[in-house]
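Please build the complex by placing chain B on the supplied structure of chain A, with the hints as guidance.
If you're matching them up, the sequences are chains A and B in order. So for the first sequence, the numbering used here puts the first residue at 1; every next one is plus one. So for the second sequence, the numbering used here puts the first residue at 1001; every next one is plus one.
Nothing false has been slipped in among the hints.
Ranges of calculated distance between the beta carbons of each label pair, as one might list FRET restraints:
id : chain 1 : residue 1 : chain 2 : residue 2 : range
1  : B       : L1153     : A       : M130      : 42 to 48 Å
2  : A       : I127      : B       : D1027     : 49 to 55 Å
3  : A       : L264      : B       : P1115     : 26 to 32 Å
4  : B       : K1093     : A       : G54       : 25 to 31 Å
5  : A       : L94       : B       : L1153     : 35 to 41 Å
Source of the hints: derived by calculation from the structure; they are not laboratory data. Ideal Cβ positions, reconstructed from N, Cα and C, are used throughout, including at glycine.
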Amino acid sequence: MAANAFEGAAPPGAITHPPSSNEYLVDRGFRLLAVCGASLIILLVAYILWKIGGQALPAIYKYNLGFLTSTNWNVAEEKFGILPEIWGTLYSSLLALLIGGFFGLTVAIFLTQDFLPPRVALVFRTIIDMLAAIPSVVFGLWGIFVVIPAIRPIANWLNDSLGWFPFFGTSLSGPGLLPAALVLAIMILPTVAAISQDALHLVPYRTKEAAYGMGATRWEAILKVLVPTAAGGIASAMVLGFGRALGETMALAMLIGNSNQISLSLFAPAQTLASLLASHFPEAGQTEVQALMYAALVLLAITLVVNMMGTAVLTMTQRRLSGRS
Amino acid sequence: MYWRAPFVALAVVTAAMVPPGQSSAQDVRLIGSGASFPFPIYSAWFKDFSKQNNGVTVDYQAKGSGAGIQDFINHTVDFAGSDAAMTDEEIAKVSDGVVLLPVTAGEIVLAYNLPGNPKELKLPHDVYPDIFLGKITKWNDPRIAAANPSLKLPDMQITVVRRSDSSGTTFVFTKHLSAVNQAFAKEVGSGTTVQWPKGEKMVAAPKNDGVTATVKQTPGAIGYIEYGYAKLTKADSALLQNKSGNYVAASDKSGAATLASAVLGPDLRGWIEDPAGADAYPIATFTWLLAYKKQDAKKAEWMRKLVDYCITKGQSMSDSMGYIPLPENVVAKIKTASVQIQ
Chain A
1 MAANAFEGAA PPGAITHPPS SNEYLVDRGF RLLAVCGASL IILLVAYILW KIGGQALPAI
61 YKYNLGFLTS TNWNVAEEKF GILPEIWGTL YSSLLALLIG GFFGLTVAIF LTQDFLPPRV
121 ALVFRTIIDM LAAIPSVVFG LWGIFVVIPA IRPIANWLND SLGWFPFFGT SLSGPGLLPA
181 ALVLAIMILP TVAAISQDAL HLVPYRTKEA AYGMGATRWE AILKVLVPTA AGGIASAMVL
241 GFGRALGETM ALAMLIGNSN QISLSLFAPA QTLASLLASH FPEAGQTEVQ ALMYAALVLL
301 AITLVVNMMG TAVLTMTQRR LSGRS
Chain B
1001 MYWRAPFVAL AVVTAAMVPP GQSSAQDVRL IGSGASFPFP IYSAWFKDFS KQNNGVTVDY
1061 QAKGSGAGIQ DFINHTVDFA GSDAAMTDEE IAKVSDGVVL LPVTAGEIVL AYNLPGNPKE
1121 LKLPHDVYPD IFLGKITKWN DPRIAAANPS LKLPDMQITV VRRSDSSGTT FVFTKHLSAV
1181 NQAFAKEVGS GTTVQWPKGE KMVAAPKNDG VTATVKQTPG AIGYIEYGYA KLTKADSALL
1241 QNKSGNYVAA SDKSGAATLA SAVLGPDLRG WIEDPAGADA YPIATFTWLL AYKKQDAKKA
1301 EWMRKLVDYC ITKGQSMSDS MGYIPLPENV VAKIKTASVQ IQ
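Bound-form chain A, shown alone:
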């Protein structure tokens, strides 16, 4: 620790005084602690990447980019590919984002734009936040026992009458993409709603007043002024919700049907990366573990890119709105 640079800097008899050695030490110590904490997290991420990457290395050499385009997962023949998993992960997450994003945003508008007395709004907000505390397995079971039986008649009617349309190409027997995406949508709802609310709160009150002052109706003010102004923050809410959807495991493993195939149909079973990892890890042999690590690396890369995009969008908008650009 460097010596106190301010020692003896005060002129005799001054009212103010330089920080005492003690204060100086505490200040330095705290800074050191913060730096340690921050670098530890970065080190941890690096360590995880290094560890997974290291274990995946043999598989990366062996399967190369073909791993990303092959559709087989055959342990006996040691042929591994994750194209159906990438497809299923992105498809289910996008679908969940479409549904969860829409409802998350409308909920956020409803709760922030003075539709409700503040107290009631707070109750609503707490309930939505509570959704985030429900364990994944419970969502999965709820999906199996409630969602699937509820949507089966509708899905099968759609398939019967509009079966030529690729999205309704198959009938829904049980687990499949749509029930998985619906449950996933509910799971990402709290994330999307919470961040969208923050974004809408960030819009300066005078912006809204100005809109009203120009004679805009409430809907015009919300749709044409508020939402566009908060668009950056809302977009980042969507991206973070998407990131959460990508990594969701247990509920999906129970609902998506875990079938290694690529199908446009909403009612067909599919497979996701996280679900593949969860179901194959416990009993995987050496070569399969390497392939799984490679798959984990791909999932990590997808999630990392999505999250970084979200964070970038969020910081950009915050800078713009708080006028510090």
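Chain B only, in chain A's frame:
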């Protein structure tokens, strides 16, 4: 097996909580890993055994047969469990010698869900492999209907439910299907995870309870689960036609008939791919406990006691847990073989 996991955790915890004062002279800890197929009964046995013998702890981790054998070869465990016993090659790698003990056996049933809950659906020997190959896709397929003249089968697509995780159950089931059906052996083969045919009506669920729940919630579904699970959840399961042409329901009796036809070699290895007995249930298997021939005397002594417990007192638990009690001749063979554990 989510619902059984806490049970095991409890077993480990209670085993660890033996008061230090009582564990006086002997403090022996036997660690095993391997097959998950016998895990429910193993954990019940080992918990009971640890409770009866103060200072002795037996832990078993269900990692899968392959991982168990690997651990056993690397000497990181005291014993292992395997649904596939061990190959000659693997046995050669163990310098201390291996004793293979088929301590329990189980059946696999085909649970189904049909509107109106018809009981006693009969599936012929050449039909159920084709269902799992995706060649028979409708419940009112003439080949199924011919075997069930008394049932009114719906014009409904068959949803095949399989395991999404790798599992000894899958290993035993695919081994049987491969033995029965040439096309299955060629296109799918056998293993703890296999490349199942792809299709819109082929879904997978994690663990036995995942498959059970999915079958129960999906009209028109059929899936393979351990007999114990079907018993526990009262799922309808099909009568399967065996090699001699009879339709047999899974039970401890038909399972015992299956085991009776098993031919065990001198090293107690032997698979029942397609049993010929008239009352034999077609899909059943032994599962093996692997022990070293040489180890330190104290561990060897307790290992022998453990094996003795499994084949005597332990067998009485078999039926209630959905496993098949071992036939007398197998018990006798294990007794002689276990002397080799020194």
